[in-house]
Amino acid sequence: MPLKLLSRSHGLRRAVVRLAWSALLILPASVAAVTIRVGAIGDPACTAFSIQGAIAQLPPGLSEHRLLLSSNQAYSTAGVITDRSLRIEGGYANCSAEEPTPGARTQIGPDAAASAPLLTLRGTTGIQLPSTLRGLVFIGPAPQGAIRASGNMRVYVEDTLVMNAGDLFLDNAGGIAIEDQAILHLRGNSQIVGNTGGEGGGVSCVNGEIQWEGGDVLIGSNRARLFGGGIALVDCEMDWLGVSMAMSVALRPISQPAAVAFPCARVRSCRVSRWSPRSGAWCRS
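Residue numbers (the working numbering): 1216 to 1500.
For the record, the hints were derived by calculation from the structure and aren't laboratory data.
C-beta atoms are modelled at their ideal positions from N, C-alpha and C, and glycine is treated no differently.
Careful, some of the hints might be misleading.
Quick list of simulated restraints, FRET-style, between CB atoms [claimed, not checked]:
(1) Gln1267 to Ala1247: 38 to 48 Å
(2) Gly1294 to Ala1255: 27 to 37 Å
(3) Glu1313 to Phe1384: 11 to 21 Å
(4) Ile1256 to Asp1431: 32 to 42 Å
(5) Gly1341 to Gly1435: 34 to 44 Å
(6) Leu1441 to Ser1311: 28 to 38 Å
(7) Thr1316 to Pro1356: 36 to 46 Å
(8) Gln1272 to Ala1327: 22 to 32 Å
(9) Phe1384 to Ala1248: 23 to 33 Å
(10) Thr1339 to Arg1281: 31 to 41 Å
(11) Asp1386 to Gly1435: 18 to 28 Å
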């Protein structure tokens, strides 16, 4: 049975999501999905040379498109992406590669002078749009953080490293910050380490939801100025799915300053309803 953290706004937010998906059923069909290969200017197989350049080539509509990022150049930022359903996949040696190199990831950042996160995802359609980030490295310095998602977005982070981003004077997390009904899925071989923030160093969730899927996700060595060095939840739900005892123990030292209620997160407007050393804790309002 998954472990669950619940907050007061959960029921209302669930209703909004159900209405949004109902609205999706009556929308006209979107255009066919496209795949854009992104890489170095000298690579003739590339059709775009930056992530924003690839976004500009996408047709209108809500189809899920693929951006395949080559590792033959550096990407300082991914910019702001609004109302798009995407799979951003890294690890390709070049734009001619049919498959990603096993174990390889494509790097986004650092950008020490950035005035925005390395990647910002915004959803304003009223429909929960999926975006998948796979085979990537988001790395600081990045003073405004690595990834921020807000609104009607469902973000899947798979086989991705988020490292050394943020600043202690941010409002939210330096690693991954979600807010305003966004949903975050942490899965696969992903690591969120060495990030700093205000509320939440590694991950923060404000009026959203986190699905922690499986025991291969590592969150460690993050710091927060206020609370929740690992994960901070404010009016948010987090479910642990398949997290073992070993993972629960591994999470104990990640909050700096330490979370009082349980080892890996801090919830405001919530109280602990059950605790065990094996499974952690979950809350209700």
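Results for each hint:
For the hinted restraint 38 to 48 Å between Gln1267 and Ala1247, the CB-CB distance of approximately 22 Å leaves it violated. At roughly 18 Å, the beta carbons of Gly1294 and Ala1255 sit outside the given window of 27 to 37 Å. Our hint of 11 to 21 Å for Glu1313 and Phe1384 is violated, since their Cβ atoms are close to 45 Å apart. Against the hinted window of 32 to 42 Å, the Cβ-Cβ separation of Ile1256 and Asp1431 comes to about 36 Å, which satisfies the hint.
Separation of Gly1341 from Gly1435 is about 36 Å and conforms to the stated range, judged on CB atoms against 34 to 44 Å. One distance hint, 28 to 38 Å for the beta-carbon pair Leu1441 and Ser1311, is violated here, with the actual separation near 48 Å. One distance hint, 36 to 46 Å for the beta-carbon pair Thr1316 and Pro1356, is violated here, with the actual separation near 26 Å. Take Gln1272 and Ala1327: their Cβ atoms lie about 29 Å apart, and the range 22 to 32 Å holds.
Between Phe1384 and Ala1248, the C-beta spacing of about 40 Å breaks the proposed range 23 to 33 Å. For the pair Thr1339 and Arg1281, the beta carbons lie near 22 Å from each other, so the given range of 31 to 41 Å is not met. A beta carbon spacing of about 22 Å between Asp1386 and Gly1435 agrees with the range 18 to 28 Å that was offered as a hint.
Violated hints for the displayed structure, listed by number in ascending order: 1, 2, 3, 6, 7, 9 and 10.
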